[in-house]
Each structure stands twice: as C-alpha cells, then as structure tokens.
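Protein chains in written order, with the working numbering: chain X, 50 to 189; chain G, 50 to 189; chain V, 50 to 189.
These aren't lab readings, by the way, just hints derived from the structure by calculation.
Note that the structure is a prediction, hence the values are computed from the model and not measured.
Fair warning: there could be bad hints in the mix.
[To be verified] Going by beta-carbon spacing under 10 Å, a handful of chain G positions derived as facing chain X:
hint, residue
1, PHE90
2, THR94
3, ILE119
4, HIS130
5, THR131
6, LEU135
7, MET138
8, HIS141
9, ASN152
10, THR156
11, ILE160
12, ILE187
Ideal Cβ placement from N, Cα and C applies to all residues, glycine included.
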Amino acid sequence: MIFQKEITIKPKSRGIHLITDEIISNCREINNFKYGLMNLFIKHTSASLTINENADPTVRYDMEKYFNKIVPESDAKLYQHTYEGLDDMTSHIKSTLIGTNINIPITNGKINLGTWQGIYLCEHRNYGGSRKIIITIIGE
Amino acid sequence: MIFQKEITIKPKSRGIHLITDEIISNCREINNFKYGLMNLFIKHTSASLTINENADPTVRYDMEKYFNKIVPESDAKLYQHTYEGLDDMTSHIKSTLIGTNINIPITNGKINLGTWQGIYLCEHRNYGGSRKIIITIIGE
Amino acid sequence: MIFQKEITIKPKSRGIHLITDEIISNCREINNFKYGLMNLFIKHTSASLTINENADPTVRYDMEKYFNKIVPESDAKLYQHTYEGLDDMTSHIKSTLIGTNINIPITNGKINLGTWQGIYLCEHRNYGGSRKIIITIIGE
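With the hints as constraints, model all of the structure from the sequences given.
Set out below in structure tokens:
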C-alpha cells in the first residue's frame, strides 16, 4: 500500500522550525498504516529537513547559530554562486550538510519517533517563501 | 511485504562503533527478502547512524576526532542548551550532521553493502545509555 | 512492486558531478511506477550522493571548495588512516557528512524533483575509479 501527497508549508523566517504537528495534521492517512515508512522530501535546494530535539526551543536557536558559524556568510566572497546575496551559496551548502529528505517509521498508525524527537524544517534563506514537501508512505 | 522490529543496542562508550553484525544477528528476517530496502532509524537526538569503512578501526577514531574538532565542546559557551553538560548541544548538532537514519538495499536475502562498508553507531554523549533502533524492511 | 538494479558510473574527476540524466537513462523502469520511492545507494566509502542545484555549474565548484575547506587535507597529519594519501581519511569524512544514499519520490512515472534540484555524485578521491550505485524502487 502506498500513499503520496504534496503539501505546502507556509513561509517561515530564517532559522529552524519544528513542523511535526504541521506534517501530521496534513497527513491523516498515516493512521491507515499499521507498519510502514514515511518519507519526507523537500523540493528545494536552500531549505532542509532533519530530526532533532522537540522540547526546548533553544536547541533550534543553537542549531541555527552553529550552521551559521560552520557555513559563514563572511566566506561568500570565496564563492562564485552569490547572485542572490550572501545567503545564496551558503544555503545550498547547508542543504547538503543537513539533507533534503528523512524517513520515519510508522507503527500502529502513528509516526514512531523517540520521546524527544521532532521534525525540523531548516529555512536557510532570509526570505525563503513557501516550501513544498512530498510525503510518501509505503506500508500495510 | 513489510517487516518491522525495534531493537535495543547495549550502551556504548562515546565514539564510533561498527554495529553491522549486531544489526544482522538481531534481524534474521533479512533472509526472507529477495529484493528490498532496510531502513534503520535511531530514536534518539544525541546519537546517529552512518555507513563507512568497515576494516580499519582507525577510521572510527579519526572520525570521532574530526567531529569533536568541527563541533568543539569549547564552543559550548555560545549555546543555551547545555543543561546536561558540554556534550549536550554538541551531541544534538552531531546528530543532525550525521543523520538519524540510513537505508540499505537488500539483495538475495542479504544487505547489499559495498566490500568496505559497515554500519556505524555514533555515540555522541559521554554516558549515552542503551539506544533503540527501529528496523523496517520493505520488499518481496 | 519493487525494482532493483546495480549500475556502474564511469570514473569522474575529483569534485561534484550532476548525474541526474545518467541515472534516468540507466533506469527506464521508473516509467512503470505511478507512485513510489527511488533509493540510490553508493557502494563506496569515499564518494557520496546528495541533491542540490541543477542549473549553475558554479554551485558544484563552490560546494567542492567548501568541503575541502571544512575537511582540509592539511589536517591529515592528525589522522591515523592516511595509508592511501592525504585524500584518504578526508574522503571518508566527507562521505559521512554528505551521505551514501538518497530517496527521491516518483510520481506518474517520473522522479519528482523540484525545478532546481538535481542528483550529485561527489567524488572525494583524486583517482576514485568507477562507482557502483544500487537503484531500488518501491511503489505501484
């Protein structure tokens, strides 16, 4: 059994956002799967998806701070692809470091995350606009 | 055909560990799949999974050294989320850099890794405890 | 319905290469799937796969430059695993930072990438040789 749906996530500010509830409320069909895998795929090259701590918002602030440090915009002068500003090439790099897709097991009709896990959308652009995510579930 | 099972990996010391044999011995059901995909998902935010060199233990030492350099605990003063020590936020960051899940093809009843590939569990905490991994196999 | 095939990618120079067309032309069976997920898995520990910008070649140059900066070969003296040269351990590290496998949704017989997305093979070795990729498609 397979289910697929494209959803649109409203524009988010630059930084890291917990979207677990937004995914689940957009995909009630999860309930139809006893066992399965859910794949989330973001159709963009300057935003990314990861799984991390869901309870303390400071983790998201610290994470954004870290990625700005490790991919500094002050290095943008080293890059050729900066047509759209200092956050252009740096966003592509962050996207590859973090990744464009994640898989989450489904068990008894629910996504089977650990107690402290949530789904992050990482918006790397200053003005990224809305973002499209394809949800694909395979299971039974 | 789908198979899913949660396993518990015994506590490991901080660092990078080859767990290929531990996964296979916990999941004989791999043999039942002619073709498929196995997903390993770690239900934690301060440990991670990756695939890398399986033969020389120095790769695991060097890898741990690299991630300690690129996510230094001396930076912990920059972070807010350090309630549990210098290895708290840094472990979350490493978890996102490396990733919480991997997919491995199954071919003729065996995981189809390259000659030099093995499955790594990366324990980022000083005292991480046991770790839960969900194994999901989809195939035929 | 499941499809699996191992393909061989001809040797590439060190750096980052767009291989979307090479994957598609090697896997016409994508057309047989209305909905599905395609997994690409590279059977090596010193090359990697990611998804990023498909239009401007300077993104690939900048990306290579970034990963050489963040995993510098001048650090190789810190590592034990350098039997095959300065690009040995650094290649393993890059492989884990970027990842060995990606999943791409399939919709109506085509891979459903965003407008600006393409598949990158990242060759981290100076002389990497040909690379094997396993394509697994699950869907209907």
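Status of the hint placing THR131/G at chain X (closest C-beta pair under 10 Å): Cβ of THR131/G sits 9 Å from chain X, so the hint holds.
Evaluation of the interface hint that places HIS130/G against chain X, nearest CB under 10 Å: With a closest approach of 4 Å, the HIS130/G hint holds.
Closest C-beta approach of ILE160/G to chain X relative to 10 Å, hint status: 16 Å, violated
Cut-off 10 Å, beta-carbon criterion: hint that THR94/G touches chain X: 5 Å, holds
Interface hint compliance - ASN152/G to chain X, C-beta minimum distance less than 10 Å: Since the shortest Cβ distance to chain X is 7 Å, the answer is holds.
HIS141/G as chain X interface residue, shortest Cβ-Cβ below 10 Å: This hint holds: HIS141/G lies near chain X, its Cβ roughly 6 Å from the closest one there, short of 10 Å.
Restraint satisfaction for LEU135/G [CB to CB of chain X, less than 10 Å]: 13 Å, violated
Restraint check, 10 Å cut-off on beta carbons, for ILE119/G near chain X: Check passed: Cβ of ILE119/G comes within 7 Å of chain X, closer than 10 Å.
Status of the hint placing MET138/G at chain X (closest C-beta pair under 10 Å): 5 Å, holds
Restraint outcome when ILE187/G is required to lie within 10 Å of chain X by C-beta distance: With Cβ-Cβ at 6 Å, under 10 Å, it holds.
Hint check, PHE90/G versus chain X [nearest Cβ-Cβ separation less than 10 Å]: With a closest approach of 5 Å, the PHE90/G hint holds.
Interface hint for THR156/G, Cβ within 10 Å of any Cβ on chain X: 18 Å, violated
Checked against the numbered hints given earlier, this structure breaks hints 6, 10 and 11; the rest are met.
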